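All chains should be modelled from the sequences, with the hints used to inform the complete structure.
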Amino acid sequence: MTVRVRLIGPFIPRFGFSEKDLEVPSPCTAADLQLLLGLQGVENLMTLQGRGLKPQDALSDGDRVVVAPIFSGG
Amino acid sequence: MAEDDRLRSAELSSLASGEVPKRYARNIGTLGVEGQRRLLETGVLVAGLGGLGGFVLESLARLGVGRIAGVDRDVFDETNLNRQLLSDHKTLGLSKAEAARERILRVNPAVEFTAYSSPFQALGPEAFRGLSAVFDCLDDIPSRRELSARCADAGVVLIHGAIAGWCGQVAVCPPGKGILEDIYAAAKSPRGAEVEAGNLPMTAAVAANLMVAAAVPVLLGRPAEPRLQLFDLSDPSWSRA
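Read top to bottom, the protein sequences are chains A and B. First residue of the first sequence: 201, per the numbering used here; consecutive thereafter. First residue of the second sequence: 2, per the numbering used here; consecutive thereafter.
A portion of the hints provided could be inaccurate.
Derived lysine-lysine pairs resembling BS3-like cross-links, with alpha carbons at most 30 Å apart [unchecked claim]:
hint	chain 1	residue 1	chain 2	residue 2
1	B	K189	A	K220
2	A	K254	B	K189
3	A	K254	B	K178
4	A	K220	A	K254
5	B	K178	B	K189
Because the hints were derived from the structure by calculation, they are not lab data. Remember, predicted model here, so these are calculated numbers, not experimental data.
Structure (structure tokens):
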């Protein structure tokens with residue numbers, strides 16, 4: 201299945217793209233996507249339709265996932 | 002009766018008779034008379050009066066939110082000058098809460114402003130009572146989690162904002178839904194990308210005003226729908242994020 205991945209801020213130069221379609225195995229969880237993106241050990245926030253994803257959350261074909269670093273400045 | 006109460010009472014009387022105080026004339030086309038009345042009668046708490054909190058406070062006061070409390074333990078220093086609206090060369094060394102009080106008096110003296118020069122953790126349950134929303138303008142993750150827990154206990158909607166460099170996020174967190182906990186589920190450090198990227202003034206202003214925009218429907222009495230918005234001002238298509 202295909203998942204569209206949108207990166208935010210410093211992740212764009214780090215991973216070399218800002219938004220692209222990614223072929224992922226089915227089923228696929230948020231944790232699986234993190235591994236595919238090489239994000240293991242990198243603190244990040246993954247969102248889908250305006251909600252934060254938990255590692256065990258299942259993704260569906262056509263989902264658009266936004267991946268951002270952790271922000272906490274005020 | 003205190004001066005702010007007298008002014009606010011006069012404004013409410015005017016609105017009840019269909020007469021709009023001039024200071025709110027440019028609000029009415031969008032908010033309506035009833036909306037303006039509701040804002041004047043609502044109460045909020047702004048936790049953190051730095052980069053986000055200064056801009057949040059400014060927009061809330063100009064909108065005419067009637068009761069605002071602000072809490073911050075810090076005083077202004079030179080590192081705040083690049084982005085914190087309440088900081089300038091006159092307020093260096095001054096308590097952020099006190100600077101906020103002075104700013105509110107200049108911007109909208111009808112607002113009842115309560116200044117707490119303390120950490121928000123020192124506030125008792127009464128400080129959260131009767132609020133329509135709490136604004137999370139803090140700058141570290143453990144404190145944000147604590148504030149979210151306090152809001153869940155008090156049954157108050159949390160409006161969250163956070164920035165780093167060109168980027169930021171804003172969330173509407175209805176009590177007990179775990180929205181903020183999900184946002185920081187993977188965070189092991191107390192701070193995020195801002196440690197390296199710093200905090201820019203336009204990013205703080207955008208995030209703060211997205212927070213206020215997200216809060217207005219809640220302050221007008223509509224149900225708070227969970228929502229998380231990320232933005233990247235360095236990317237022209239940021240609004241799609």
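Cross-check of the supplied hints:
Only pairs whose Cα atoms come within 30 Å are accepted, and K189(B) paired with K220(A) is accepted, the gap being roughly 28 Å. The hinted pair formed by K254(A) and K189(B) meets the criterion: a straight-line CA distance of about 15 Å does not exceed 30 Å. Distance restraint check for K254(A) and K178(B): the Cα-Cα separation of roughly 14 Å lies within the 30 Å cut-off, and the hinted pair is therefore satisfied. Distance restraint check for K220(A) and K254(A): the Cα-Cα separation of roughly 22 Å lies within the 30 Å cut-off, and the hinted pair is therefore satisfied.
The suggested pairing of K178(B) with K189(B) holds, with an alpha-carbon distance near 21 Å, which does not exceed 30 Å.
Checked against the numbered hints listed earlier, the structure breaks none of them; every hint is satisfied.
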